[in-house]
Structure formats: structure tokens, C-alpha cells
Amino acid sequence: MNFIKRAWLNVIRKKGRTLLLILIMSAILLFVFAGLLIQEAASKAVDNAKQSANATVTLSANRSNAFRQLRKHKQQKSLTFSSVNLKTVRQIAKSGYVKNYNTLSSTNGTAKSFKAIKTTTTNQPAGPIGEKSKSSSSSSSLSLDGVTSTALTSAFSEGTNKIVSGRGLTVNDQGTNHTVIEKQLAKQNDLTVGDQIKVKVSGKLVKLKIVGIYRASSASTSQTQPQMSDPANTLYLSSKFVGKLKGTPQKVDSVSFTMTDPAKASSFIKQAKKSINTTKFSLTTNDAVYQTMLTPLNNIKSFSQKIIWLVCIAGTAILTLLVILMVRERRYEAGVLLALGEKKSKVIWQFFTELFLVMLVSSVIALIGGKYAGNLMSKQLIQQTTAQTTSVSGGQTGGMPGGGGNSQGMIQGNSQGQKQPAQGRSNASASQKQSSTLNLKISVKNVLELLGFGLLIIFIAVILGTINILRWPPKKILTM
Amino acid sequence: MLKVEDLTYQYPKSDKKLFEHVNLEFDAGELYAIVGRSGAGKTTFLSLLAGLDVPTSGKLKYQEQMVTASTLSEYRRKDVSMVFQAYNLFDYMTVMENILTAMELTGSKNRHDRQYVLQLLAKIGIDRQLADKKVVFLSGGQQQRVAIVRTMCCDAQLVLADEPTGNLDEDNTTEVINLFKKLAHEENRCVIIVTHEAEVARNCDVQIELHQGHFSVQRNLCRSSK
Ligand SMILES: Nc1ncnc2c1ncn2[C@@H]1O[C@H](COP(=O)(O)OP(=O)(O)OP(=O)(O)O)[C@@H](O)[C@H]1O
Ligand SMILES: [Mg+2]
Numbered sequence: 001m002n003f004i005k006r007a008w009l010n011v012i013r014k015k016g017r018t019l020l021l022i023l024i025m026s027a028i029l030l031f032v033f034a035g036l037l038i039q040e041a042a043s044k045a046v047d048n049a050k051q052s053a054n055a056t057v058t059l060s061a062n063r064s065n066a067f068r069q070l071r072k073h074k075q076q077k078s079l080t081f082s083s084v085n086l087k088t089v090r091q092i093a094k095s096g097y098v099k100n101y102n103t104l105s106s107t108n109g110t111a112k113s114f115k116a117i118k119t120t121t122t123n124q125p126a127g128p129i130g131e132k133s134k135s136s137s138s139s140s141s142l143s144l145d146g147v148t149s150t151a152l153t154s155a156f157s158e159g160t161n162k163i164v165s166g167r168g169l170t171v172n173d174q175g176t177n178h179t180v181i182e183k184q185l186a187k188q189n190d191l192t193v194g195d196q197i198k199v200k201v202s203g204k205l206v207k208l209k210i211v212g213i214y215r216a217s218s219a220s221t222s223q224t225q226p227q228m229s230d231p232a233n234t235l236y237l238s239s240k241f242v243g244k245l246k247g248t249p250q251k252v253d254s255v256s257f258t259m260t261d262p263a264k265a266s267s268f269i270k271q272a273k274k275s276i277n278t279t280k281f282s283l284t285t286n287d288a289v290y291q292t293m294l295t296p297l298n299n300i301k302s303f304s305q306k307i308i309w310l311v312c313i314a315g316t317a318i319l320t321l322l323v324i325l326m327v328r329e330r331r332y333e334a335g336v337l338l339a340l341g342e343k344k345s346k347v348i349w350q351f352f353t354e355l356f357l358v359m360l361v362s363s364v365i366a367l368i369g370g371k372y373a374g375n376l377m378s379k380q381l382i383q384q385t386t387a388q389t390t391s392v393s394g395g396q397t398g399g400m401p402g403g404g405g406n407s408q409g410m411i412q413g414n415s416q417g418q419k420q421p422a423q424g425r426s427n428a429s430a431s432q433k434q435s436s437t438l439n440l441k442i443s444v445k446n447v448l449e450l451l452g453f454g455l456l457i458i459f460i461a462v463i464l465g466t467i468n469i470l471r472w473p474p475k476k477i478l479t480m
Numbered sequence: 001m002l003k004v005e006d007l008t009y010q011y012p013k014s015d016k017k018l019f020e021h022v023n024l025e026f027d028a029g030e031l032y033a034i035v036g037r038s039g040a041g042k043t044t045f046l047s048l049l050a051g052l053d054v055p056t057s058g059k060l061k062y063q064e065q066m067v068t069a070s071t072l073s074e075y076r077r078k079d080v081s082m083v084f085q086a087y088n089l090f091d092y093m094t095v096m097e098n099i100l101t102a103m104e105l106t107g108s109k110n111r112h113d114r115q116y117v118l119q120l121l122a123k124i125g126i127d128r129q130l131a132d133k134k135v136v137f138l139s140g141g142q143q144q145r146v147a148i149v150r151t152m153c154c155d156a157q158l159v160l161a162d163e164p165t166g167n168l169d170e171d172n173t174t175e176v177i178n179l180f181k182k183l184a185h186e187e188n189r190c191v192i193i194v195t196h197e198a199e200v201a202r203n204c205d206v207q208i209e210l211h212q213g214h215f216s217v218q219r220n221l222c223r224s225s226k
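Taken in order, these protein sequences are the chains called Z and W.
When we follow this note's numbering, the leftmost residue of the first sequence carries the number 1, and every step to the right adds one.
When we follow this note's numbering, the leftmost residue of the second sequence carries the number 1, and every step to the right adds one.
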């Protein structure tokens with residue numbers, strides 16, 4: 001206990017030196033703590049991204065093979081795409097990689113009990129809606145999209161479409177005539193949830209029951225698919241029902257499997273290929289969003305890791321030098337202590353305790369300042385990394401304007417504890433957002449980690465600082 | 001009480017042996033003076049006796065027990081107390097704290113008795129006020145006297161002092177020598193001091209002279225003057 005008393009006296013009596021040590025230690029620990037906070041926030045963001053970034057693998061007809069068949073058999077007049085057997089789908093879906101799946105089957109029909117929206121005016125928002133409705137055009141055709149669940153479709157999960165009234169379709173709606181229609185279409189025809197509508201599909205009149213109304217943000221759809229019919233003319237139905245309409249109730253056009261872990265998409269493809277005829281069908285992954293979202297976060301994560309190690313090494317070096325100087329200056333004290341019969345280990349413990357007291361004060365300073373410094377640093381980091389990846393992803397993903405934008409939207413979304421916001425879908429909006437920050441939270445774990453790193457640093461510094469002195473006999477120390 | 005057997009010492013980096021095959025014996029209740037030219041090796045010899053350094057060869061026996069590497073720290077704490085030529089005190093402590101720290105470290109029986117310490121300090125001219133001052137505010141001679149009191153406060157049976165009167169005036173020198181005499185004669189301790197001053201040496205029970213030429217070959221350098 002004697003050495004603790006000596007350490008305490010030394011720290012409080014030599015105020016100037018103690019203050020200097022606190023200053024240096026605070027600076028070191030501040031960076032370590034900021035690094036720890038950023039790293040944790042980044043890895044949390046990565047986890048969140050993994051969960052919310054739905055990487056999907058789509059099983060559909062092998063298009064290139066279909067075209068090849070067309071060229072081979074000249075007598076064949078149209079492309080024939082093989083449809084997927086539901087039995088195969090269920091078998092593949094048993095894989096542990098699959099979180100859930102969405103069967104997709106679509107067909108066309110014409111509106112009977114109501115009027116479809118005319119297409120030609122979509123890109124001229126100036127035209128009033130009333131005008132559109134008057135022109136009953138040739139394109140009264142509807143696109144009937146059969147799904148397992150609307151929530152699983154990319155349009156809904158990415159936020160292009162939103163349910164505004166009623167509900168979306170779920171697995172429970174399979175085989176029923178329930179439908180979800182677009183708000184504009186509903187408004188124009190005075191339709192509400194619960195109403196019945198009639199459509200004509202391949203000559204047959206079919207009754208449908210509206211269970212929900214969604215709003216499509218047509219801007220982005222018309223941007224990416226300009227030649228398609230108005231998105232408002234898309235009706236969502238159960239895929240089984242669409243299959244019945246097409247006369248193939250056990251088959252669907254394609255299936256999109258949502259991965260439990262987006263990183264495992266390629267492993268899943270390898271596994272699933274065993275169950276399908278690869279000349280007829282193909283499996284394509286859509287993890288671009290996931291990849292572009294993750295790249296900047298992973299960059300930040302590894303960068304903060306490097307910061308921690310760099311600061312730790314540099315800090316230890318600086319502190320070790322200081323301790324060496326300090327011990328040199330105090331070698332007589334160490335020598336006299338040894339001459340009085342004190343153990344070497346106790347002398348080391350005394351120096352260690354002195355630095356530990358300094359570290360405690362510095363830790364408090366680092367705790368107060370670390371969050372502030374971490375916020376500043378992470379802001380800078382995010383601005384730099386997202387600027388990089390946005391330009392990269394722009395070239396890579398081409399038709400995926402959501403790429404870079406999403407990643408930034410993601411970071412901000414996390415910082416506010418919200419779900420992935422829809423507005424991050426275009427590059428334009430992404431580059432405008434500059435105030436993104438990681439969500440830095442101080443937890444007990446962080447504090448313990450900080451203290452751990454601090455202890456490690458002073459431990460190394462004291463050992464390296466004292467070893468050169470204390471390995472000698474006291475006589476030598478006193479005459480050095 | 002303390003026996004030096006066939007002791008040889010050579011600094012690791014020098015090529016000359018400082019002394020060779022030394023045989024000496026020190027008894028309790030006696031005050032020894034080691035005299036000799038500067039650079040003769042008095043401090044080195046005293047350090048060996050204090051267990052602050054290990055001899056190149058030879059033995060050090062305390063109360064018929066070999067002092068070995070494993071018992072060195074214990075020997076230093078319990079049996080020996082040393083006053084150095086310089087740098088004796090902890091500069092961040094007061095006079096009193098310095099002494100109490102050493103007493104606690106060595107487990108002195110008087111370690112909780114401030115009054116006892118103050119009495120001893122008063123005897124060599126250090127008053128209560130000075131006792132609670134940091135040692136950096138004391139003169140070199142005052143610091144030297146504090147170091148001697150620290151040695152006396154510890155219960156060690158063997159007291160070694162390197163030039164304890166080097167910084168002192170005549171009055172204080174006499175006082176310090178009397179204290180050492182008291183330690184040896186009344187408390188039956190073995191006191192060995194190194195000194196330049198012939199007057200101090202003459203006051204001691206035994207004088208040991210280290211002479212450059214004779215040092216390594218002469219076996220018994222003792223000259224009693226009781
Ligand atoms: N650490 C050391 N390494 C090598 N040689 C040393 C060391 N310390 C002292 N010496 C040498 O050993 C010799 C004896 O030194 P020592 O300090 O014992 O002399 P001394 O008799 O105490 O002298 P003084 O009366 O001046 O204090 C000297 O010649 C000195 O140069
Ligand atoms: Mg000397």
C-alpha cells in the first residue's frame with residue numbers, strides 16, 4: 001500500500017508534470033475513444049444495412065437461351081419463356097439461405113367496369129387529371145401483376161409504391177380475387193376499398209375485389225422505364241390467381257428469393273442451381289443495393305479500426321518516451337527505494353499507479369470530448385467515402401440509380417433510428433444531403449474498452465520505460 | 001556480525017579489479033570509519049556491504065547467513081540502512097513524509113510515532129516547521145541530516161553512511177558523530193561510515209584505510225583506536 005501513497009503524493013505534489021501528462025493522455029484517449037465510437041456505430045450500421053438491404057436472387061426463364069432457341073428453330077414465331085414450377089420453388093425455398101420468397105406472374109387485361117389511365121400524358125404533369133380521363137384511349141390495357149405478397153416486391157420494399165388505404169396482399173390472399181390498385185386509378189373511377197371491379201383477361205370477364213390502394217411515385221418509374229404503360233394501370237393480384245387466369249395454376253413467371261444474409265447470395269445460387277435446369281432457367285442476384293450500401297460503411301469501419309491501432313501505437317510510443325524520460329529523471333528515487341529494500345515490482349507499480357491516476361482524469365476528458373470529436377470525424381469520413389462510392393456505383397450499376405443514394409440515405413436513416421428512407425433513391429437527392437452522421441452512442445462497453453486501451457498503453461509504457469533502469473542493481477542506478 | 005570473505009570486485013566495463021580477495025569482519029556495537037583517497041573505491045565497497053551491488057566473486061555473510069540474490073531485497077529492507085553521498089530523499093515529499101515512508105517500508109517499530117521522529121530531528125537542528133516542508137526547500141546539509149535521521153529511525157542493525165558529514169559545519173558534524181556513536185554503543189548497532197575528514201575518522205572505534213597500492217593485497221586494514 002506504501003507505493004499507492006507514494007504515487008498519490010507524487011501526482012498531487014508535482015502538479016505541472018501531472019497536468020502535462022493529463023494533457024497528452026487525454027489527446028491520445030480522445031482519439032482512441034472517437035475511433036471506438038465510430039467503429040461501433042459503423043459496424044452497427046453495417047448490421048442494419050445487412051438486415052434492411054434485401055438482396056434477392058431471381059429465378060426466371062433463361063432469356064439468352066430462349067433467344068438462341070428462336071434463332072435455331074426458324075419456324076418458331078415468338079419467344080417462349082419457360083415458366084417456373086411451384087414445386088421446384090418450394091423445394092429451393094427450403095434452403096437456409098432463403099428468408100422468404102415472392103412468386104411473380106403477370107398478364108395483361110383490359111378494364112371493363114372502369115377506365116384505365118391514358119399513358120401519353122404521363123410526362124406532362126401540366127395536364128389536369130380530368131383531361132386524361134376523358135380520352136378513353138386504345139391503351140386501356142392493364143398490367144396484372146401476380147405476387148405472393150406486395151410487401152416483398154421491390155417496388156414496395158424500396159418505397160416506390162406505398163399502401164395508402166386498405167392493406168397490401170399477403171400469402172393469405174393466394175388464390176383469391178383480391179387486388180390492390182393505384183390511387184390515381186381509384187380516384188378517377190371513384191373506387192374505394194371493398195369495391196368490386198371487372199376486367200377482361202384473354203376474352204374472359206373476371207371479377208376482382210379491391211382490398212387496398214397504393215400510391216406509386218411515378219416519377220422514378222417513368223424515369224427508368226419510359227416506354228412502359230402508366231404505372232397507375234398496374235393491379236396487384238395473387239400470383240396463384242394470375243396463374244389460374246393464364247391457365248397454368250401450378251406455374252409462375254419468376255420467383256425472387258430474399259436472402260437471410262445478403263452476403264450469402266452467391267452460395268445460395270450455387271446450391272439452387274442443382275435443383276433447376278440451367279439451360280431453361282437462370283438465377284440472377286440483385287445485391288447491388290446491398291453492395292453499394294455496405295462499401296462506404298465497411299470503409300468507415302476499417303478506417304476507424306486503423307485509427308484506433310494507429311493512435312494506440314503512436315500514443316504508446318509517445319507515452320513510453322515520456323515515461324522513459326520521467327523514470328530517468330527519477331532514477332535516484334527508484335535507487336533509494338530499492339536501497340531501502342523496496343521490491344522492483346513495487347517501484348513499477350508505483351509508476352503504474354501514477355499513470356493510472358492520470359489516465360482516470362484523462363478518460364473523463366476523453367469521454368466528454370470523444371463523442372464530439374467522433375461526430376466531427378465521422379461526418380468527414382462519410383462525406384468522403386460516399387462521394388467516392390457514389391461516383392463508382394454510378395458507373396457500375398447503371399440502371400440502379402438508387403445505389404449511391406441509398407447508402408447515404410441508410411447512414412442517415414440509422415442515425416435517426418428510422419427505416420430506410422425512400423428519398424435516397426436518386427443520385428440528385430443523395431448528393432444534396434451533406435449532413436449525414438453516424439449514430440454515436442456511448443455505452444458501458446465503450447467506456448470499458450477505453451479504459452482497457454488506456455491500461456494497455458500505460459502498461460506497455462511503464463514496462464518499456466522502467467526496464468532499462470530497473471534491470472540494474474541499485475548502486476548502478478544511483479550512479480548512472 | 002558482518003563478514004566479507006574473499007571478496008573481489010570489478011566494474012563490468014573496466015579492466016582493472018578495484019579490490020581482490022578482501023577479508024574483513026564488522027562487529028555490532030562498534031563505529032567503523034573507512035578512509036582513503038578519492039576514487040579508491042570506498043563508495044563501491046560500501047554499496048557491496050549494503051547489498052546494492054553484487055560482488056564479482058566472494059561472499060557476504062550477515063549473522064553467519066550468506067546474503068544471496070534471493071535474500072538481497074530482504075537484507076536491504078530489514079538489516080541495512082544507508083545514507084548516500086547525494087540524492088537521499090524523495091523530492092516530492094516533506095521531511096516527515098520522507099522519514100515515515102522509509103520507516104513504513106522497512107517496518108520500523110516506531111513507524112507510527114511522529115513524536116519520536118521529531119525528537120531525533122530536533123537533536124540535529126531540524127525543527128517542527130522544517131519537518132513539514134518539502135525537502136527541496138532544505139539546504140544540502142539539512143537534507144543530509146534528514147537522511148541520517150531516516151537511517152536511525154529504521155531499525156536496521158547495520159548502518160552505513162557515505163560521507164555523512166560532507167556538507168556539515170563543525171557543530172553539526174560533532175552532533176552527527178555523537179548520534180552515530182550512540183547508535184553503536186547504546187543501541188548496539190554496527191555503524192560503518194566513509195569519510196574524508198581525519199577528525200571524524202579519529203572519533204571512530206575502528207579506522208579502515210583503503211590505499212590504492214595496498215588495497216588489493218593487504219588483508220587487514222583495521223587499526224583500532226578505542
Ligand atoms: N559505475 C561505474 N562503472 C565503472 N567504474 C566506476 C563506476 N563507479 C565508479 N567507478 C570507478 O571505480 C572507482 C571507485 O569509485 P568510488 O565511487 O567507489 O570511489 P570513492 O572512493 O567513493 O571516491 P570519493 O571519495 O570521491 O567518493 C573510481 O575509479 C571510479 O572511476
Ligand atoms: Mg564515494
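Treat the hints with caution; some may be incorrect.
To be verified - Quick list of in silico lysine to any residue cross-link-like pairs, SDA-like style, CA-CA up to 25 Å:
1) Z/Lys476 - W/Ala86
2) Z/Lys476 - W/Arg37
3) Z/Lys344 - W/Ser70
4) W/Lys134 - Z/Tyr332
5) W/Lys133 - Z/Glu329
6) Z/Lys5 - W/Ala86
7) Z/Lys476 - W/Tyr11
8) W/Lys78 - Z/Lys14
9) Z/Lys476 - W/Ser14
10) Z/Lys187 - Z/Ser157
11) W/Lys78 - Z/Ala27
12) W/Lys133 - Z/Asn2
13) Z/Lys343 - W/Ser73
14) Z/Lys344 - W/Arg37
15) Z/Lys5 - W/Leu118
16) W/Lys13 - Z/Asn439
17) W/Lys134 - Z/Arg328
18) Z/Lys5 - W/Lys134
19) W/Lys133 - Z/Leu9
20) Z/Lys14 - W/Gly141
21) Z/Lys344 - W/Leu118
22) Z/Lys344 - W/Thr56
23) W/Lys134 - Z/Asn2
Just so you know, these hints were derived from the structure itself, not from any lab.
Taking the hints in turn, this is what the structure says about them:
no. : hint                : result
1   : Z/Lys476 - W/Ala86  : holds, 14 Å
2   : Z/Lys476 - W/Arg37  : holds, 21 Å
3   : Z/Lys344 - W/Ser70  : holds, 13 Å
4   : W/Lys134 - Z/Tyr332 : holds, 17 Å
5   : W/Lys133 - Z/Glu329 : holds, 22 Å
6   : Z/Lys5 - W/Ala86    : holds, 24 Å
7   : Z/Lys476 - W/Tyr11  : holds, 10 Å
8   : W/Lys78 - Z/Lys14   : violated, 30 Å
9   : Z/Lys476 - W/Ser14  : holds, 14 Å
10  : Z/Lys187 - Z/Ser157 : holds, 24 Å
11  : W/Lys78 - Z/Ala27   : violated, 44 Å
12  : W/Lys133 - Z/Asn2   : holds, 20 Å
13  : Z/Lys343 - W/Ser73  : holds, 7 Å
14  : Z/Lys344 - W/Arg37  : violated, 33 Å
15  : Z/Lys5 - W/Leu118   : holds, 21 Å
16  : W/Lys13 - Z/Asn439  : violated, 61 Å
17  : W/Lys134 - Z/Arg328 : holds, 21 Å
18  : Z/Lys5 - W/Lys134   : holds, 16 Å
19  : W/Lys133 - Z/Leu9   : holds, 14 Å
20  : Z/Lys14 - W/Gly141  : holds, 24 Å
21  : Z/Lys344 - W/Leu118 : violated, 30 Å
22  : Z/Lys344 - W/Thr56  : holds, 22 Å
23  : W/Lys134 - Z/Asn2   : holds, 19 Å
When held up to the earlier numbered hints, the structure conflicts with 8, 11, 14, 16 and 21 and fits the remainder.
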